[in-house]
Amino acid sequence: MESATPPLRIVIFPFMAQGNTLPMLDLSRRLARRGINVTIINTPAKFPGIHSKVSKTPEISISVIPFPRVEGPLKGIENTADFPSEDLRFPFIQLTKKLKEPVGKIRLGMIVNSFEEMEREHIPALESLYKEAKAWFVGPLLLSDQIHNEEEDGDGKADYCPYIDWLDKLQVGLGSVIYVSFGSEAKVSKEQLEEIAFGLEEAAQPFLWVVKSKTLAAPPGWEERVDSA
75 MESATPPLRI VIFPFMAQGN TLPMLDLSRR LARRGINVTI INTPAKFPGI
125 HSKVSKTPEI SISVIPFPRV EGPLKGIENT ADFPSEDLRF PFIQLTKKLK
175 EPVGKIRLGM IVNSFEEMER EHIPALESLY KEAKAWFVGP LLLSDQIHNE
225 EEDGDGKADY CPYIDWLDKL QVGLGSVIYV SFGSEAKVSK EQLEEIAFGL
275 EEAAQPFLWV VKSKTLAAPP GWEERVDSA
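Numbered per the numbering used here, the sequence shown spans residues 75 to 303.
Worth flagging that the hints you see were computed from the coordinates, not collected in a lab.
Any given hint could turn out to be false.
Claimed, not checked - Cβ pair distances, simulated, as ranges:
id, residue 1, residue 2, range
1, P214, N111, 42 to 52 Å
2, T79, S263, 33 to 43 Å
3, T79, G249, 33 to 43 Å
4, R143, W296, 19 to 29 Å
Said to hold, decoys possible - Below, a list of computed lysine-lysine pairs in the DSBU-like style, where the Cα atoms sit at most 35 Å apart:
id, residue 1, residue 2
5, K286, K171
6, K127, K288
7, K130, K264
Where a beta carbon is used, it is the ideal one built from N, C-alpha and C, also for glycine.
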């Protein structure tokens, strides 16, 4: 009698950055919906946030490994978003290499939140970073959970979103829409934000600008001028 094939299990170890973690959780949930068991490896400081997002999915388990102990400015930091200075990025990346020891034997490849057609010329360099590691391009993963929830609702209609409504109302043939975003970690000064505002005004093109600032005030008359452009 042949032995039953053990169920497929995929181990995912997101890099310690917000922009990596959220897409990997998204991918984990998509795999779980296909009946695949997923184990997410993370460090103690990241456990609460990850657990809160996957606790209702029984196919996903979490394995916590200790983060390397270190003194100095990196002490207690387990996520790139917590850097007090960008000067710590390279030392942090060097420190994370020690995390390969408990999981290195099961790593078979890298998951990339992008698509091969856009990254093709960079694939060899990416795969050369890790011996015998294949890069799997599975993106873009953004909004996959939202799409799934809409499908489950049955009507296929998303909640009202003002910028989607604005895009839908743009005149056909108006041209490109400029999208400006520096992510969740970039530290942009007030002066730099003001220069971006003036640049967008001078461009005289429709734009979407994601601003991570609670204190930025648009220059006097700026909103009226770009609205009429």
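How the hints compare with the structure:
1. Checked against the hint of 42 to 52 Å, the C-beta distance between P214 and N111 comes to roughly 25 Å, which is inconsistent with it.
2. The hinted window of 33 to 43 Å between T79 and S263 is violated, with their beta carbons roughly 57 Å apart.
3. Checked against the hint of 33 to 43 Å, the C-beta distance between T79 and G249 comes to roughly 54 Å, which is inconsistent with it.
4. Taking the beta carbon of each, R143 and W296 are about 49 Å apart, not inside 19 to 29 Å as hinted.
5. Proposed proximity of K286 and K171 is supported: the alpha carbons are some 30 Å apart, at most 35 Å.
6. Distance restraint check for K127 and K288: the Cα-Cα separation of roughly 26 Å lies within the 35 Å cut-off, and the hinted pair is therefore satisfied.
7. A distance of roughly 41 Å separates the Cα atoms of K130 and K264; the hinted pair therefore is violated under the 35 Å criterion.
Comparing the model with each numbered hint stated earlier shows that hints 1, 2, 3, 4, 7 do not hold.
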